[in-house]
Amino acid sequence: MENKINAYNNVLELIGNTPLVKLNKIASGLTGNFYAKVESFNPGHSSKDRIAAYIIEEAERKGILTKDSTIIETTSGNTGFSIAMVSIIKGYECILAVSSKSSKDKIDMLRSMGAKVYVCPAHVSADDPRSYYEVAKRLHSEVKGSIYINQYFNDLNAEAHYRSTGPEIWNQTNGNITHLVACSGTGGTISGTARFLKEKNPNIKIIGVDAFGSVLKKYHETREFDSNEIYPYRIEGLGKNLIPSSTNFDVIDEFIKVTDEESAHTAREISRTEGMFVGYTSGAVMQAVKQLDENGEFGKDSNIVVIFPDHGSRYMSKVYSDQWMEDQGFFDTKHESEPQEIQYVK
Numbered sequence: 008m009e010n011k012i013n014a015y016n017n018v019l020e021l022i023g024n025t026p027l028v029k030l031n032k033i034a035s036g037l038t039g040n041f042y043a044k045v046e047s048f049n050p051g052h053s054s055k056d057r058i059a060a061y062i063i064e065e066a067e068r069k070g071i072l073t074k075d076s077t078i079i080e081t082t083s084g085n086t087g088f089s090i091a092m093v094s095i096i097k098g099y100e101c102i103l104a105v106s107s108k109s110s111k112d113k114i115d116m117l118r119s120m121g122a123k124v125y126v127c128p129a130h131v132s133a134d135d136p137r138s139y140y141e142v143a144k145r146l147h148s149e150v151k152g153s154i155y156i157n158q159y160f161n162d163l164n165a166e167a168h169y170r171s172t173g174p175e176i177w178n179q180t181n182g183n184i185t186h187l188v189a190c191s192g193t194g195g196t197i198s199g200t201a202r203f204l205k206e207k208n209p210n211i212k213i214i215g216v217d218a219f220g221s222v223l224k225k226y227h228e229t230r231e232f233d234s235n236e237i238y239p240y241r242i243e244g245l246g247k248n249l250i251p252s253s254t255n256f257d258v259i260d261e262f263i264k265v266t267d268e269e270s271a272h273t274a275r276e277i278s279r280t281e282g283m284f285v286g287y288t289s290g291a292v293m294q295a296v297k298q299l300d301e302n303g304e305f306g307k308d309s310n311i312v313v314i315f316p317d318h319g320s321r322y323m324s325k326v327y328s329d330q331w332m333e334d335q336g337f338f339d340t341k342h343e344s345e346p347q348e349i350q351y352v353k
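Numbering-wise, the sequence shown is residues 8 to 353 according to the numbering used here.
I should point out that these hints are in silico values taken from the structure, not numbers from a laboratory. It is possible that some hints are incorrect.
Pairs of lysine to aspartate or glutamate, EDC-like flavour, derived with a Cα cap of 16 Å [what the hints assert, rightly or not]:
1. Lys32 <-> Asp257
2. Lys29 <-> Asp308
3. Lys97 <-> Asp112
4. Lys225 <-> Asp257
5. Lys224 <-> Asp257
6. Lys29 <-> Glu281
7. Lys123 <-> Glu100
8. Lys97 <-> Glu67
9. Lys97 <-> Glu64
10. Lys224 <-> Asp260
11. Lys151 <-> Glu100
12. Lys297 <-> Glu268
13. Lys151 <-> Glu268
14. Lys297 <-> Glu269
15. Lys205 <-> Glu166
16. Lys207 <-> Glu175
17. Lys69 <-> Asp162
18. Lys212 <-> Asp300
19. Lys123 <-> Glu149
When you get a sec, could you build the whole thing from the sequences and use the hints?
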């Protein structure tokens, strides 16, 4: 009898086919049926594994990447971690320009994965030489043999989700999805997924989630870039102070904005009600669902899929820190801190 070991060749083979999980307690007072596409089941614990692997493998296929190449990218943290993970498996050097808004947890994780990290000021314009966009461009020009992923302006970003996330959701819902609600930062996840779903059924409604302080919602409605919309906000990986070409605004039906505070509380609520330890943007997308429900968006037979992009472990120093929440002024009469005391056994 032949001995066979049932094992994967490496962690990259675990990317994709993430579960769709019914939301129960947190959706109990809402109209419709709610399901979460839980992207933290990817090996790098976020949806960005999909684009990192797809873009890098396409660059290899086209001969752009060679064994001595260095990969450079701008990131709020998740894409950087995924690129670092793929780089380890494939043997590339990795340099990441990170926004100072990224949690310390994310930055420490990037360094732990062997990436060289440049932390850039968050609240500067996109064309400021100190911005993480411009720093990445400069590093690309200086580092011989490097490639710049540039997820904000890379068509392969959305293509990765068109080829994976979209078909997965369609198959998991047996084509019965009526709404997709997803956060938009680079726009790759929502654009690629939406394009596939709209091709299957143009009546599926696609709703993007944006942050107060971001230009995306206003641009979608007017097709004009309004710098007056830009001001500092706390949510990582949501919204933008520029218009990414990786966002296909034509496949998104509408945008809804959410606040930093409500998104943080909703992320904590998901963890405590559904047992899913989710990140900040998962709280944002669920907060958007609550607002949409209040506006009468869903019917009793609606099947709403939300995308939970990443894992809560990346926000221990922020959303899941009572001290951070208090420092932001996020605990008030409506939302009170409920920390459990740690019991030390002597």
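Against the structure, the hints come out as follows:
no., hint, verdict
1, Lys32 <-> Asp257, "violated (34 Å)"
2, Lys29 <-> Asp308, "holds (14 Å)"
3, Lys97 <-> Asp112, "violated (25 Å)"
4, Lys225 <-> Asp257, "holds (14 Å)"
5, Lys224 <-> Asp257, "holds (13 Å)"
6, Lys29 <-> Glu281, "holds (9 Å)"
7, Lys123 <-> Glu100, "holds (9 Å)"
8, Lys97 <-> Glu67, "holds (10 Å)"
9, Lys97 <-> Glu64, "holds (10 Å)"
10, Lys224 <-> Asp260, "holds (11 Å)"
11, Lys151 <-> Glu100, "holds (12 Å)"
12, Lys297 <-> Glu268, "holds (14 Å)"
13, Lys151 <-> Glu268, "violated (43 Å)"
14, Lys297 <-> Glu269, "holds (10 Å)"
15, Lys205 <-> Glu166, "holds (14 Å)"
16, Lys207 <-> Glu175, "holds (13 Å)"
17, Lys69 <-> Asp162, "holds (15 Å)"
18, Lys212 <-> Asp300, "holds (14 Å)"
19, Lys123 <-> Glu149, "holds (15 Å)"
The structure does not agree with the numbered hints 1, 3, 13 stated previously, though it agrees with the rest.
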